[in-house]
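Let the sequences and hints guide you as you build the complete structure.
Number of protein chains: 2
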Amino acid sequence: MKRYEQLAGDIAESIANGTLPPGARLPSVRQTTANRGVSPSTVFQAYYLLEARGLIQARPRSGYYVASGAAGVSEPEPSRPSGEQQDVEVSELVFQVLEHMRDRDLIPLGSAFPDPSLFPLDKLAMAQSKAMRGLDPWRTVEHLSPGNPELRRQITLRYLATAFAIDSNELIVTNGAMEALNLSLEVTTRPGDLVAVESPTFYGALQALERLNLRAIEVPTHPRTGVDVPVLATILERHLVKACWFMPNFQNPLGSLMPDEAKQALVQLLAERQIPLIEDDVYGDLYFGTHKPRPAKAWDTQGLVLHCSSFSKTLAPGYRIGWVAAGRFAEAIARRKLMSSLAAAVPSQEALSRYLQQGGYDRHLRRLRLTLLGNRAAALRSIAKHFPAGTRASPPEGGYFLWIELPLGVDALALHWLALANHVSSAPGHLFSADHRFRRHLRINFGQADSSELEMALKLLGKLAGSLVQRTPRS
Amino acid sequence: MKRYEQLAGDIAESIANGTLPPGARLPSVRQTTANRGVSPSTVFQAYYLLEARGLIQARPRSGYYVASGAAGVSEPEPSRPSGEQQDVEVSELVFQVLEHMRDRDLIPLGSAFPDPSLFPLDKLAMAQSKAMRGLDPWRTVEHLSPGNPELRRQITLRYLATAFAIDSNELIVTNGAMEALNLSLEVTTRPGDLVAVESPTFYGALQALERLNLRAIEVPTHPRTGVDVPVLATILERHLVKACWFMPNFQNPLGSLMPDEAKQALVQLLAERQIPLIEDDVYGDLYFGTHKPRPAKAWDTQGLVLHCSSFSKTLAPGYRIGWVAAGRFAEAIARRKLMSSLAAAVPSQEALSRYLQQGGYDRHLRRLRLTLLGNRAAALRSIAKHFPAGTRASPPEGGYFLWIELPLGVDALALHWLALANHVSSAPGHLFSADHRFRRHLRINFGQADSSELEMALKLLGKLAGSLVQRTPRS
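Residue numbers (my numbering), protein chains in the order written: chain A, 1 to 475; chain B, 476 to 950.
Since the hints were derived computationally from the structure, they do not count as laboratory data. Ideal Cβ positions, reconstructed from N, Cα and C, are used throughout, including at glycine. All clues stand as given, with none of them false.
For lysine-lysine, the following BS3-like pairs were computed, each having C-alpha atoms within a straight-line distance of at most 30 Å: (1) A:Lys2 - A:Lys130; (2) A:Lys130 - B:Lys605; (3) A:Lys2 - A:Lys292; (4) A:Lys123 - B:Lys605; (5) B:Lys605 - B:Lys477; (6) A:Lys385 - A:Lys459; (7) B:Lys598 - A:Lys123; (8) B:Lys598 - B:Lys477; (9) B:Lys767 - B:Lys477; (10) A:Lys2 - A:Lys123; (11) A:Lys123 - A:Lys292; (12) A:Lys130 - B:Lys598.
If you anchor each label on the Cβ, the simulated ranges turn out as follows: (13) A:Arg3 - B:Leu635: 51 to 61 Å; (14) A:Ala421 - B:Gly609: 28 to 38 Å; (15) B:Asp597 - A:Pro21: 50 to 60 Å.
Below is the structure:
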């Protein structure tokens with residue numbers, strides 16, 4: 001990473017964490033030159049980059065200021081689910097909606113993946129070539145479950161970087177986080193069991209419950225701070241919950257981040273009742289703050305947290321490499337994996353193991369976070385400008401999803417189909433709850449390589465949403 | 476493929492299909508030179524190769540003769556399962572046995588994979604390098620389920636080569652055949668349902684039933700001709716069977732091959748009752764006869780056969796690419812796959828698609844079949860020579876498994892542990908039935924790159940089996 005990128009990254013983090021609030025004046029070029037010991041041209045380059053990303057704005061003869069960002073867009077209300085047990089039946093709708101997302105002419109605001117051109121795919125391909133050339137043939141059969149030992153070592157090292165250790169024996173490589181999560185659910189439940197999920201929650205979690213004939217109970221979730229642990233405690237008093245499936249870091253779709261104390265309280269609460277926590281942490285590396293948030297697993301002393309993650313959203317889409325640090329369930333998961341898909345692909349494991357060994361992942365992540373942070377600012381500005389009055393959106397502290405609450409009367413599914421006809425996809429809120437309660441909500445993916453496309457698509461979405469408001473004046 | 480290899484392959488096929496029976500004299504070098512229009516040195520090279528493989532033997536001043544092969548080893552009895560429904564609980568034993576198979580110091584006669592050095596792994600790695608370099612990034616997200624279109628086209632073409640067509644829309648790429656089979660079982664059954672399987676059957680099938688809480692009913696299976704269709708008909712009269720999981724081609728562990736008429740009768744019988752057939756056909760390309768046997772799917776007119784296969788046993792171990800031609804269940808399977816593992820790895824799909832496009836797979840297969848056929852002869856000779864009297868083994872028409880029936884009184888599990896202590900693994904018959912009835916049977920993998928290792932290991936196994944006979948004189 002170049003020096004000016006490093007500087008821009010530091011300033012972007014200060015903006016993200018509020019040290020530099022919207023409207024604040026940036027230090028002058030002279031000051032920064034002196035403070036950081038860099039050349040004036042480095043400072044200029046950093047400021048130009050931040051300006052290009054939409055994070056700061058130049059005012060003539062006055063200097064640079066933090067862009068106004070989300071001014072005028074307030075946060076959605078915390079959710080208030082029914083508190084009742086529910087059968088899950090979302091798949092049909094999910095498939096109907098997702099089926100239409102593969103078209104390349106779409107601007108894919110409904111996609112679950114960031115723009116794949118944001119990833120170092122050529123470097124990965126090179127790492128793979130090197131690793132596979134002359135590979136010892138026996139590694140193609142030896143590195144079945146639990147997976148390539150060097151890859152597992154590299155993953156274990158990354159846990160250490162967030163200040164806690166896992167036992168490499170509890171680590172199982174999987175076909176992406178999706179398989180890790182599904183296996184975790186399979187070994188902790190039996191058909192008919194009750195599982196606690198967030199509200200709203202990732203539709204993939206609901207589909208997994210549906211596939212295994214499990215019932216859901218939804219827990220109130222705050223758009224900024226995530227699962228409401230005290231309410232969860234009362235739910236556990238009243239219902240026989242067999243497992244929880246939560247995303248403490250940058251929840252999909254909310255983007256919420258549970259504070260450390262809440263994570264700790266959650267793990268303690270579940271430990272008292274010996275309830276396993278399936279922790280979906282695929283966005284943790286995409287933080288906008290000063291450091292990577294720790295997973296709830298960091299507070300787990302009993303092996304009850306199954307921490308699932310992958311490289312699909314941060315480095316290597318399509319390689320299908322994820323993992324679970326499964327605590328006391330590790331052997332059960334390794335066996336279940338051998339029985340269902342046997343193993344993750346050896347070439348993918350070799351590629352990632354080589355790439356991680358040679359370094360460069362953290363540099364890539366810093367760049368990716370800066371892009372996403374700039375896009376977040378652009379998206380919030382677009383929403384403030386183009387969406388109908390009363391629209392709410394919560395600026396996430398990481399990841400690439402915005403959860404938008406539209407004014408009363410706007411049906412997000414109607415908006416979705418309307419926008420699709422105009423070559424913009426979105427993920428309507430209906431997908432994110434077993435009872436389809438989020439009918440005027442949208443999940444927007446701001447992980448675009450081209451922020452002008454993002455702004456154009458949001459402008460269109462906003463106009464269409466406005467037209468739906470006008471058509472339903474009495475709601 | 477070189478000219479002498481082609482000639483050797485033709486002669487090997489004549490030996491395999493009985494045109495040239497054990498003891499028959501081969502045409503003289505002069506005759507063959509004239510008949511085939513090749514040079515004498517080509518004929519000599521072919522004969523040397525066949526001799527090195529153990530398929531023919533030179534007699535001084537007399538010429539070459541087909542090796543005596545399996546003389547003295549007779550075929551095991553057809554199985555006679557109980558005919559009752561059974562709960563399935565084999566996994567614990569399977570894992571206990573398989574756990575000890577990864578040791579590289581072992582001669583892995585218990586392995587489910589051929590020796591990986593028999594595969595063109597360098598060529599695959601090269602194809603992968605080429606395909607991944609400069610890959611359009613969007614392909615990493617577009618080629619999720621049902622899979623890479625070019626790979627699916629190549630697979631579809633290979634069906635045409637066995638004289639029937641499938642609709643490419645019914646083809647779904649999976650993480651190996653294991654996932655294809657499991658998904659097939661998931662979409663055709665519900666927990667508690669009854670599934671018909673062969674006797675003996677692949678332990679992976681039993682594990683899949685166990686995982687999904689299904690019950691098994693085992694069908695008598697002939698070591699040469701496979702499932703007894705008339706008996707299956709009577710079973711279907713008496714029991715509510717929801718699906719069948721069979722391997723008509725080179726069954727694991729028997730090596731049996733159902734004749735075409737039996738396959739046709741099977742498909743008709745199941746069509747009358749609208750029972751889906753999950754057809755496991757991962758060894759079909761490894762035939763020793765003159766042509767690739769057709770799958771039962773070839774007679775399917777109603778979309779009731781889910782034909783599952785992969786490249787893991789024939790070309791690309793560890794790449795984890797399989798598929799299912801799922802007939803009327805195609806959409807259900809595609810969706811179920813999206814919900815559980817999302818997709819097969821893009822680099823693996825790209826590698827295979829490129830490799831198949833550039834040609835060379837059939838040439839590799841011819842070579843591999845020749846090696847396996849030579850090993851089969853070596854294995855049968857070793858068994859005849861070193862195993863205790865009364866040992867039976869059926870020479871399979873394809874694949875790389877031999878099913879050995881030991882004399883009364885020899886426990887195959889005891890033999891397994893004993894052999895393991897001597898660095899030879901095997902797959903005891905206990906693993907291949909829900910009621911563990913095959914207690915004096917062994918599955919032997921003859922897919923070794925070094926046939927002298929194979930012979931050494933079989934000699935050891937035979938001696939150990941003999942010692943167990945002597946220890947139990949009264950059985």
